[in-house]
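**Student:** Below are the chains, spelled out letter by letter.
2 protein chains.
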Amino acid sequence: MKRITIYDVAKEADVSLATVSRVINGSEVVREDTRIKVQEAIEKLGYKPNAIAQGLALSKTTTIGLIVPEASYFYTGQIINGLIDVAKIYKYNIMLHTTTEGITEMNDIIENIIKSRVDGVVIFNDKLNKEELNQLTRYQVPIVVIGNRMSDETVGSVYVDYAKLAFDYACDCIKQEKKQIALIEDRKNPAMIKQLREGLTRAFEENGMTFENYIEIPKEYRSSYLFLKEYLTKENRPEVVITYRDSQAMAVMNTAKEAGISIPEEMELVCILDSKYNAMARPQISGFKIPDYDLGAVAMRLLTKMLHEENEVSDKEIELSYIFTPRKSTK
Amino acid sequence: MKRITIYDVAKEADVSLATVSRVINGSEVVREDTRIKVQEAIEKLGYKPNAIAQGLALSKTTTIGLIVPEASYFYTGQIINGLIDVAKIYKYNIMLHTTTEGITEMNDIIENIIKSRVDGVVIFNDKLNKEELNQLTRYQVPIVVIGNRMSDETVGSVYVDYAKLAFDYACDCIKQEKKQIALIEDRKNPAMIKQLREGLTRAFEENGMTFENYIEIPKEYRSSYLFLKEYLTKENRPEVVITYRDSQAMAVMNTAKEAGISIPEEMELVCILDSKYNAMARPQISGFKIPDYDLGAVAMRLLTKMLHEENEVSDKEIELSYIFTPRKSTK
Numbered sequence: 001m002k003r004i005t006i007y008d009v010a011k012e013a014d015v016s017l018a019t020v021s022r023v024i025n026g027s028e029v030v031r032e033d034t035r036i037k038v039q040e041a042i043e044k045l046g047y048k049p050n051a052i053a054q055g056l057a058l059s060k061t062t063t064i065g066l067i068v069p070e071a072s073y074f075y076t077g078q079i080i081n082g083l084i085d086v087a088k089i090y091k092y093n094i095m096l097h098t099t100t101e102g103i104t105e106m107n108d109i110i111e112n113i114i115k116s117r118v119d120g121v122v123i124f125n126d127k128l129n130k131e132e133l134n135q136l137t138r139y140q141v142p143i144v145v146i147g148n149r150m151s152d153e154t155v156g157s158v159y160v161d162y163a164k165l166a167f168d169y170a171c172d173c174i175k176q177e178k179k180q181i182a183l184i185e186d187r188k189n190p191a192m193i194k195q196l197r198e199g200l201t202r203a204f205e206e207n208g209m210t211f212e213n214y215i216e217i218p219k220e221y222r223s224s225y226l227f228l229k230e231y232l233t234k235e236n237r238p239e240v241v242i243t244y245r246d247s248q249a250m251a252v253m254n255t256a257k258e259a260g261i262s263i264p265e266e267m268e269l270v271c272i273l274d275s276k277y278n279a280m281a282r283p284q285i286s287g288f289k290i291p292d293y294d295l296g297a298v299a300m301r302l303l304t305k306m307l308h309e310e311n312e313v314s315d316k317e318i319e320l321s322y323i324f325t326p327r328k329s330t331k
Numbered sequence: 001m002k003r004i005t006i007y008d009v010a011k012e013a014d015v016s017l018a019t020v021s022r023v024i025n026g027s028e029v030v031r032e033d034t035r036i037k038v039q040e041a042i043e044k045l046g047y048k049p050n051a052i053a054q055g056l057a058l059s060k061t062t063t064i065g066l067i068v069p070e071a072s073y074f075y076t077g078q079i080i081n082g083l084i085d086v087a088k089i090y091k092y093n094i095m096l097h098t099t100t101e102g103i104t105e106m107n108d109i110i111e112n113i114i115k116s117r118v119d120g121v122v123i124f125n126d127k128l129n130k131e132e133l134n135q136l137t138r139y140q141v142p143i144v145v146i147g148n149r150m151s152d153e154t155v156g157s158v159y160v161d162y163a164k165l166a167f168d169y170a171c172d173c174i175k176q177e178k179k180q181i182a183l184i185e186d187r188k189n190p191a192m193i194k195q196l197r198e199g200l201t202r203a204f205e206e207n208g209m210t211f212e213n214y215i216e217i218p219k220e221y222r223s224s225y226l227f228l229k230e231y232l233t234k235e236n237r238p239e240v241v242i243t244y245r246d247s248q249a250m251a252v253m254n255t256a257k258e259a260g261i262s263i264p265e266e267m268e269l270v271c272i273l274d275s276k277y278n279a280m281a282r283p284q285i286s287g288f289k290i291p292d293y294d295l296g297a298v299a300m301r302l303l304t305k306m307l308h309e310e311n312e313v314s315d316k317e318i319e320l321s322y323i324f325t326p327r328k329s330t331k
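Respectively, the protein sequence lines represent chains A and B.
The first sequence begins at 1 in the working numbering and counts up one residue at a time.
The second sequence begins at 1 in the working numbering and counts up one residue at a time.
Derived from the structure by calculation, the hints contain no laboratory data.
Virtual Cβ for every residue (Gly too), placed ideally from N, Cα, C.
Careful: at least some of the hints might be erroneous.
Unchecked claim - Here are the simulated distance ranges between beta carbons:
{"no.": "1", "chain 1": "A", "residue 1": "S314", "chain 2": "B", "residue 2": "E43", "range": "49 to 57 Å"}
{"no.": "2", "chain 1": "B", "residue 1": "L226", "chain 2": "A", "residue 2": "S223", "range": "29 to 37 Å"}
{"no.": "3", "chain 1": "A", "residue 1": "E266", "chain 2": "B", "residue 2": "E319", "range": "49 to 57 Å"}
{"no.": "4", "chain 1": "B", "residue 1": "Q180", "chain 2": "A", "residue 2": "Q180", "range": "46 to 54 Å"}
{"no.": "5", "chain 1": "A", "residue 1": "K178", "chain 2": "B", "residue 2": "E198", "range": "51 to 59 Å"}
{"no.": "6", "chain 1": "A", "residue 1": "E266", "chain 2": "B", "residue 2": "T233", "range": "29 to 37 Å"}
{"no.": "7", "chain 1": "A", "residue 1": "T34", "chain 2": "B", "residue 2": "R31", "range": "18 to 26 Å"}
{"no.": "8", "chain 1": "A", "residue 1": "Q180", "chain 2": "B", "residue 2": "E319", "range": "51 to 59 Å"}
{"no.": "9", "chain 1": "B", "residue 1": "T100", "chain 2": "A", "residue 2": "K194", "range": "33 to 41 Å"}
{"no.": "10", "chain 1": "A", "residue 1": "K289", "chain 2": "B", "residue 2": "E216", "range": "28 to 36 Å"}
{"no.": "11", "chain 1": "B", "residue 1": "I36", "chain 2": "A", "residue 2": "K194", "range": "53 to 61 Å"}
From just these sequences and the hints, can you work out the full model?
**Tutor:** The structure is reproduced here in structure tokens:
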């Protein structure tokens with residue numbers, strides 16, 4: 001397919017190249033009816049302005065919109081650090097937006113930042129699915145999603161495969177005859193838990209068993225801590241407990257101590273999203289080092305490529321790996 | 001003093017009002033020599049464009065530059081949340097910048113974000129002093145500083161008085177005959193530690209004593225944990241240990257446990273910057289709830305006032321309070 005250029009737009013709208021350029025760059029000196037004519041031509045032809053050329057034309061800094069969930073800045077912080085370090089190299093500015101809820105608000109935010117003429121968008125939101133993302137691609141600016149594997153013409157992604165992580169870990173446990181593995185629900189991170197659960201389910205299936213120990217925190221419990229206090233004192237307690245966040249791992253550890261269950265001798269404990277606090281707990285909690293800083297840095301690098309080379313970036317789905325950090329809560 | 005208006009600038013530069021407006025709003029259609037003439041007039045007269053009017057003129061969204069230290073996003077995160085919530089209400093965009101080092105880099109960053117035509121700046125950096133800030137005021141955009149008490153025509157600040165916090169707490173301890181109070185150095189937060197130390201010093205002086213237990217971590221120790229292991233086993237250990245961050249408090253707690261010192265019976269422990277992890281430690285660590293979210297929200301609110309009312313905001317130094325949260329590490 002022939003690529004649509006600015007010349008095609010000018011011809012279609014019957015205006016000069018300079019006028020098209022002014023419309024693209026948001027100049028105030030274009031008459032409203034001319035602007036509409038050019039925008040109609042852009043839409044009809046599906047023209048996608050080269051964001052870098054756009055930036056150069058205006059001799060302005062390239063601006064990237066960054067959308068992160070409001071909730072957990074500790075993990076998000078490292079992602080932002082990685083992203084900003086790369087953005088500095090390429091002299092990009094970062095416009096920060098936070099989101100507390102689902103896609104409805106997300107669409108509003110995106111609409112808003114596109115209007116403020118950003119050149120690209122990075123979204124860190126693991127709740128986003130493919131269908132929802134399709135809504136975003138109509139904005140015709142490059143988007144990189146952190147946390148979900150997905151891509152199309154204008155969308156790239158950088159992610160960690162949590163299902164594979166859980167699958168591999170469970171297979172290891174099963175090999176060592178540890179088959180009572182429990183995964184604790186995390187109300188704040190349902191998408192992550194879903195992936196982990198998928199991996200565990202598959203691991204059990206491939207070993208001719210069924211994964212049954214997904215531990216939901218009943219609604220009537222205000223915190224997992226209060227529920228775990230009861231759960232862990234049951235007769236039939238798991239051999240290995242997996243939590244997503246450090247605070248849940250600490251809740252398991254504290255409740256186990258109170259119930260007189262010794263970790264790791266009587267029960268092992270693993271935290272998926274490792275943090276410095278896991279190393280400060282006693283016993284120290286084993287966890288997976290997720291490359292948070294790299295997620296941000298690689299996402300930003302991918303976006304710069306997409307901005308420079310338009311749609312010719314071959315690999316727009318980048319999977320990053322994780323490292324298991326064994327400490328004292330596992331045998 | 002008569003306020004300088006856009007009319008004065010136009011008269012001085014011998015150009016039309018529209019030309020001055022175009023220069024202020026960064027329009028590309030102004031000739032370079034005209035632009036220079038207008039800018040010289042602006043500087044000569046000390047004219048400060050009304051940022052809101054500026055925004056309206058361009059019918060663009062108001063943009064705020066936010067500069068935060070790269071290091072600790074956990075605490076910073078709440079500040080950002082508060083700031084963005086208020087920014088959303090006033091439909092302001094946030095341009096995020098991080099800084100790893102001192103004022104030199106800070107000046108570069110500020111110069112850069114002023115160039116990208118932000119309407120105001122919020123700086124969260126407790127290392128900034130008055131002299132350094134004077135350098136910033138020449139940019140003539142409103143600035144709100146979080147963490148330091150300072151203000152002038154274009155600068156406001158929102159802060160917590162850590163010296164007072166330490167003074168009050170130490171006075172309480174001394175009243176209860178606990179006079180062996182130690183403050184642990186925090187290499188990452190020298191400005192905070194300085195304030196805490198000042199407060200402790202004053203409290204001891206006012207009670208006819210000298211504060212002597214400022215515990216520096218010798219350079220040869222890679223972490224405070226390694227040093228504390230030795231320090232706490234000394235004969236002459238303190239009755240009350242104060243740390244700035246939760247991770248240091250946990251290091252004290254872990255080393256105390258290893259040394260067989262029971263908290264709080266044999267030694268009390270207080271963390272200034274409280275966090276959810278303090279509540280997860282066993283025994284739970286007492287701390288001060290610093291209003292992080294409010295620091296961000298109030299700073300943003302103050303900036304909107306400064307943008308709307310120019311220099312007529314009467315109270316540009318806003319002190320926020322803290323709450324002591326006693327848990328199990330203090331008696």
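**Student:** Could you check the structure against the hints above and give me the numbers of any it violates, in ascending order?
**Tutor:** none
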